[in-house]
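Colleague: Model the full structure from these sequences, guided by the hints.
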Amino acid sequence: VNLSGAGRLAVAARVLVGGILLASGLLKAMVPAEEFALALENYQLLPVTVLLPLARVLPWVEIFVGAFLWAGFSLRASALAAVFLHAVFFAVTLSAVARGLDVPDCGCFGSRGPHMRPAQVMILDAVLVGLSWVIFRDPHRLLSLDRRMKV
Amino acid sequence: MKPPAPRPSRRRRLLTGLVIMGLTSAAVLVVKRSVLSVSLQVPLYRQKGAEAATVVITEYSDFQCPACAKVQPVLKDLAKKYEKDVLVVFRHRPWNNHKWARLAAKAAEAAGAQGRFWEYHDALFEKQAEWSGPNDPTSLFVGYAEHLRLDKQRFQSDLQGARFDDLIHRDMEAAEALSVNVTPTFFINKRRIAGGSQLSAYGAHYIELEKKP
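One line per chain: the protein sequences are B and E, in this order.
Numbered per the numbering used here, the first sequence spans residues 1 to 151.
Numbered per the numbering used here, the second sequence spans residues 1 to 213.
I should point out that these hints are in silico values taken from the structure, not numbers from a laboratory.
Glycine residues also receive a C-beta, built at the ideal position from the N, C-alpha and C atoms.
Each hint should be verified, as a subset may be incorrect.
[Unchecked claim] Have a look at the derived ranges for each label pair, beta carbon to beta carbon:
| no. | chain 1 | residue 1 | chain 2 | residue 2 | range |
| --- | --- | --- | --- | --- | --- |
| 1 | B | P53 | E | E130 | 35 to 43 Å |
| 2 | B | L101 | E | A129 | 20 to 28 Å |
| 3 | B | G5 | E | L15 | 31 to 39 Å |
| 4 | B | F84 | E | Q160 | 51 to 59 Å |
| 5 | E | R10 | B | W60 | 49 to 57 Å |
[Unchecked claim] To be clear about the criterion: a stretch of chain E counts as covered by chain B if any three or more of its residues have a C-beta under 8 Å from a C-beta of chain B, and this derived list gives those stretches:
| no. | segment |
| --- | --- |
| 6 | 44-54 |
| 7 | 148-154 |
Modeller: Structure follows, in structure tokens:
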């Protein structure tokens, strides 16, 4: 496989975006969903009765999108899902900052993972949106199941 | 001219997606699944409510945690509403970044040994702002004990000694084994609740579910 130029960048982007999604999903899935829901309460956007089901589902969405990106399966759809996820995370954090809310822990990596401040979260999400877009636009799909399956 | 490669069937792609999801789910569940033996025994003085209760609310709490103080009225309302069905059990989960949390836990134990755990528990939460500052709160703790007419000398001796260290440590080990990473955390029988909002939203509902035979 000739890994060069844009193809190489897209593979690196897949490793990074997929890895971060897998890590954040896994760390959250490992701890009780109630604790993730508690972290989400800090954003004051949704009622508790919605947050708890969301906290149960979201880590698994991240895990599956991350695994698909690593495997190179349904790359365009997976990359689009990653763009959507990180854009939503960015918007939610921005809205908390705009409302002057104190969010000591973003909840991004679960209650046992690293705790990030809003500014760090927004920078990371902006970078990940950009890299996910690179994956979405990549025509080469090197080292991917899509390429093997000739999609 | 070379004919175009056949596209994989929709069924094959669906199957591939399901295999990836299945493998990742299995990996997560295998890592997550851990059975640890936890001692769930606590001294009688840290239990209050109906003796023949079918529902046990276990609270993992830190006396220096503001959210733990804030949730007390919600917990009391629930305990009162379901006084015939509920037993409330307190377990210590003091955090290292709360400088006086362990000392406060010991003070509560010392009061418990004299039969006034819950009154002291209430005093610690009500006066949290007073003793949570940078200065050593020992004299304040002794003052609260005097106010409750406890034996001052015995209280001081218990507070300075190591009598309750194991008891508190056992609670912390149980919290660790149960993956209690935030306070307050409640278990209504085995149903978990983290924080006051969840207790308000789900507390009564879970008690009703647990009451059913």
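Colleague: Compare the structure with the hints numbered earlier in the document and write down the numbers of the violated ones, lowest to highest.
Modeller: 5, 6 and 7
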